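Chains as they are written, first to last, in this note's numbering: chain A, 1 to 277; chain B, 1 to 408.
Since the hints were made in silico from the structure, they are not lab data. Keep in mind that the hints are not guaranteed to be accurate.
Unchecked claim - Mimicking EDC-like on lysine to aspartate or glutamate, the simulated pairs with C-alpha atoms at most 20 Å apart in a straight line are:
hint, chain 1, residue 1, chain 2, residue 2
1, A, Lys-215, A, Asp-273
2, B, Lys-277, A, Glu-275
3, B, Lys-277, A, Asp-267
As the list claims (entries may be wrong) - Label-pair ranges, simulated between beta-carbon atoms:
hint, chain 1, residue 1, chain 2, residue 2, range
4, A, Gly-79, B, Ser-290, 26 to 32 Å
5, B, Val-139, A, Arg-135, 43 to 49 Å
6, B, Ser-321, A, His-83, 45 to 51 Å
7, A, Gln-162, B, Glu-294, 51 to 57 Å
8, B, Gly-371, A, Phe-229, 53 to 59 Å
9, B, Arg-234, A, Gly-79, 46 to 52 Å
10, A, Val-14, B, Glu-141, 50 to 56 Å
11, A, Gly-69, B, Gly-235, 52 to 58 Å
12, B, Glu-338, A, Gly-225, 40 to 46 Å
13, B, Pro-112, A, Thr-139, 57 to 63 Å
14, A, Met-187, B, Glu-294, 41 to 47 Å
Just so you know, these numbers come straight off a predicted model, no measurement behind them. We put the beta carbon where it would ideally sit given N, CA and C, even for glycine.
Here's the letter readout for the chains.
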Amino acid sequence: MRSHPDLPLAARVVGRVQETRDIFSLRLALLDATERAGYRSVPGQYNMLYLFGVGEVPISIVSDPDDGGPLEHTIRAVGRVTHGLERLRVGDTLGLRGPYGRGWPLDAARGSDVIVVTGGLGCAPVISMVRHMLRHRETFGFITLLQGVKHAEDLIWRRQYQTWAALPDVQVLLASDQGGMQWPHAMGNVTTLLDQARIPADGIAMLCGPERMMKAVIPLLTDRGMDPFRIWLSIERNMQCGIGHCGHCQVGPHFICQDGPVFRYPDIADWIDREGF
Amino acid sequence: MPRDGTGPAPVIPNPIQIKYYGNSSAPACYAPDMDSETRFLPRTDADQLLERLRVSGFPRILGPVARDGSLVFSPIHQWSQLPAGIRDMQTPGTYRLHRHADPLCFAWANGPQALKPLTFAGRELLWRAERHHETAAPVFEHAEDTPEPTAVLGIRACDLAALALQEKHFTHGRFPDPFFGRRRRSLFLIAVHCSHPASTCFCASTGDGPTVTRGHDLVLAELDEGYLISAGSRGGRRLLKDMALPPATAAQVQWAERASARATAAQMRHLPGRHLKQPIHDRLEARHWSRVGERCLSCGNCTAVCPTCFCHMELDEPALSGHRTEHLRQWSSCFNAEHSYMGHFLVRSDTRLRYRQWLTHKLAGWHEQYGRSGCVGCGRCITWCPVGIDITAEVAALLAEEIHAQPS
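With the sequences and hints as input, model every part of the structure.
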């Protein structure tokens with residue numbers, strides 16, 4: 001391990017996609033060849049991205065760790081750092097350190113059916129997992145993907161969802177609170193999709209998005225026979241150090257940056273969607 | 001409003017009715033470890049200790065010095081700089097020093113700062129970055145500091161307990177903090193058994209004092225005629241041996257033991273146990289959080305003086321040229337809006353929620369994170385709260401409420 005636990009590495013933007021008006025993806029390559037070759041992550045982990053002279057933000061890695069290419073991050077411009085990152089173009093440089101935190105339970109998911117439920121823009125932490133499962137298709141069972149968004153235009157990776165929907169043993173269900181023109185999918189909350197979804201009673205569920213949404217989805221899964229211990233959630237909080245020191249990301253006794261961001265549901269059940277925590 | 005600005009006093013139930021949440025039915029009272037190794041250092045000869053520290057490799061010695069109306073750790077060169085005759089008067093929201101006509105240098109409870117600033121600096125450079133002159137790519141360089149070996153004199157048991165807790169937080173995890181680690185290793189700790197607890201002290205109830213039992217290199221007990229001195233580490237034993245002091249007499253040791261027992265008995269405040277996690281978790285929706293939230297100014301003084309609070313923010317200070325920048329960490333507080341900022345909302349937008357966060361973390365969350373409560377009973381949060389909020393009274397009032405069900 002490097003002597004300084006939170007020193008970023010220099011990285012270059014090697015690809016950039018404007019996903020929606022305020023969401024963009026950056027594909028990043030570490031400049032140092034040894035660091036680039038040695039970088040290993042697990043789906044669900046995140047990096048701290050550093051904008052020179054401005055600061056750092058925790059951003060999920062959306063590329064599959066096994067794809068071996070640049071590290072892809074999908075970012076919504078909401079604050080000072082993310083607005084600055086939005087202005088980076090191919091060839092620009094920034095800082096990157098990571099990966100941090102606990103990712104999705106790969107071992108538990110192998111050999112199982114998997115249902116992924118995401119809401120709003122919070123789907124980024126599962127994208128890497130979906131890509132990983134599809135790369136190693138024979139290792140995983142039936143894959144159910146449910147995604148709800150507020151506005152139809154918030155649905156990023158629309159083409160990717162279409163591709164996934166066409167694959168065998170994959171079910172994709174999408175819903176939007178506000179559909180608009182040419183929205184061929186369901187209207188309303190992601191919970192409205194659960195009736196039509198294939199829910200694997202002995203499978204694994206991976207949830208991510210607003211805590212209220214996740215809290216609403218969990219009883220719908222357990223009512224259909226899912227074991228709460230096989231439901232996993234990705235939680236989001238303010239993180240400044242990423243290494244469990246600065247204290248910002250605490251939810252009850254948990255440091256989201258290190259104990260999470262992915263938690264087994266019973267471990268975090270007392271704290272999610274609870275005002276002030 | 002009462003003069004101390006505390007507003008309507010919280011309803012404090014009769015302490016006898018409060019259930020004790022702990023393993024034993026009463027706070028422990030430690031007898032000082034005054035065994036045969038205890039030596040006597042005459043007051044007239046006390047400078048000898050400072051001289052011995054200097055020749056043992058500690059050119060910098062910090063001791064309590066009365067300055068700007070409070071006791072602060074400052075560099076000292078001779079024993080006469082210590083606060084002889086000084087007493088502290090601490091009550092909720094008040095700290096005053098006054099002078100007695102006696103030679104006692106440690107007859108006070110504590111000042112506003114524990115050891116925290118010495119190991120976890122209030123503001124610290126973590127790394128620098130510079131844009132490469134050709135590629136403009138950032139080149140990162142971590143900050144290197146070599147802390148000067150420092151002896152600290154006059155540390156209390158509560159502050160040693162707090163140091164051990166912060167050490168656990170910063171250095172025992174997967175990512176040991178090199179700054180904290182280097183600073184901690186540079187310290188030689190000379191503690192003092194506390195003989196004059198303040199009205200705000202409650203370390204006996206948390207099990208952390210007033211007698212020093214662990215975490216020190218040397219420990220002193222102050223008598224009129226001088227100091228009983230014993231070692232708590234290999235370094236301390238070596239230094240004590242080199243001083244070649246006479247052994248303490250049985251009468252002296254007995255006197256020091258009685259002083260420690262008196263200091264325990266003198267404590268007026270207490271927490272109702274050392275294991276408050278469950279009773280607090282059972283009351284996350286208690287009405288009392290609103291009552292304390294109305295009085296709390298959300299100023300963060302309690303977190304700044306708390307010897308265990310570790311929250312900090314990270315920030316960049318770029319040079320005007322735009323080519324160089326420094327990345328720092330700086331003490332922060334769960335009472336600040338910044339602490340729970342999420343880009344599009346605040347997790348804790350009001351004071352009720354921030355006070356609840358602070359108290360539940362301190363007395364409940366720490367148990368799961370570090371195996372014990374995060375409170376060492378130093379009482380600083382009570383003294384330095386501008387409106388005199390008293391953690392022991394708030395806990396008592398909270399625990400007097402019936403258990404509320406979690407809202408669904």
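Checked hints:
For the hint pairing Lys-215(A) with Asp-273(A), the CA-to-CA distance comes to about 7 Å; that is within 20 Å, so the pair holds. Taking the CA atoms of Lys-277(B) and Glu-275(A), the gap is near 19 Å; set against the 20 Å cutoff, the hint holds. Restraint check for Lys-277(B) and Asp-267(A): the C-alpha separation of about 16 Å stays at or below 20 Å, so the hint holds. Checking the proposed 26 to 32 Å range against Gly-79(A) and Ser-290(B) shows it holds: the Cβ atoms sit about 30 Å from each other.
A hinted range of 43 to 49 Å for the beta carbons of Val-139(B) and Arg-135(A) is inconsistent with their spacing of about 35 Å. Between Ser-321(B) and His-83(A) the Cβ separation comes to about 22 Å, which falls outside the hinted range of 45 to 51 Å. Remark: the range hint 51 to 57 Å for Gln-162(A) to Glu-294(B) is upheld by a beta-carbon distance near 54 Å. About 25 Å separates the C-beta atoms of Gly-371(B) and Phe-229(A), a value inconsistent with the hinted range of 53 to 59 Å.
The beta-carbon spacing between Arg-234(B) and Gly-79(A), approximately 50 Å, falls within the hinted interval of 46 to 52 Å. With their beta carbons about 25 Å apart, Val-14(A) and Glu-141(B) fall outside the hinted range of 50 to 56 Å. Roughly 54 Å separates the CB atoms of Gly-69(A) and Gly-235(B), a value that falls within the hinted 52 to 58 Å. As the Cβ distance of Glu-338(B) to Gly-225(A) is approximately 44 Å, the hint placing it in 40 to 46 Å holds.
Checking the proposed 57 to 63 Å range against Pro-112(B) and Thr-139(A) shows it holds: the Cβ atoms sit about 59 Å from each other. Checked against the given bound of 41 to 47 Å, the beta carbons of Met-187(A) and Glu-294(B), roughly 44 Å apart, stay inside it.
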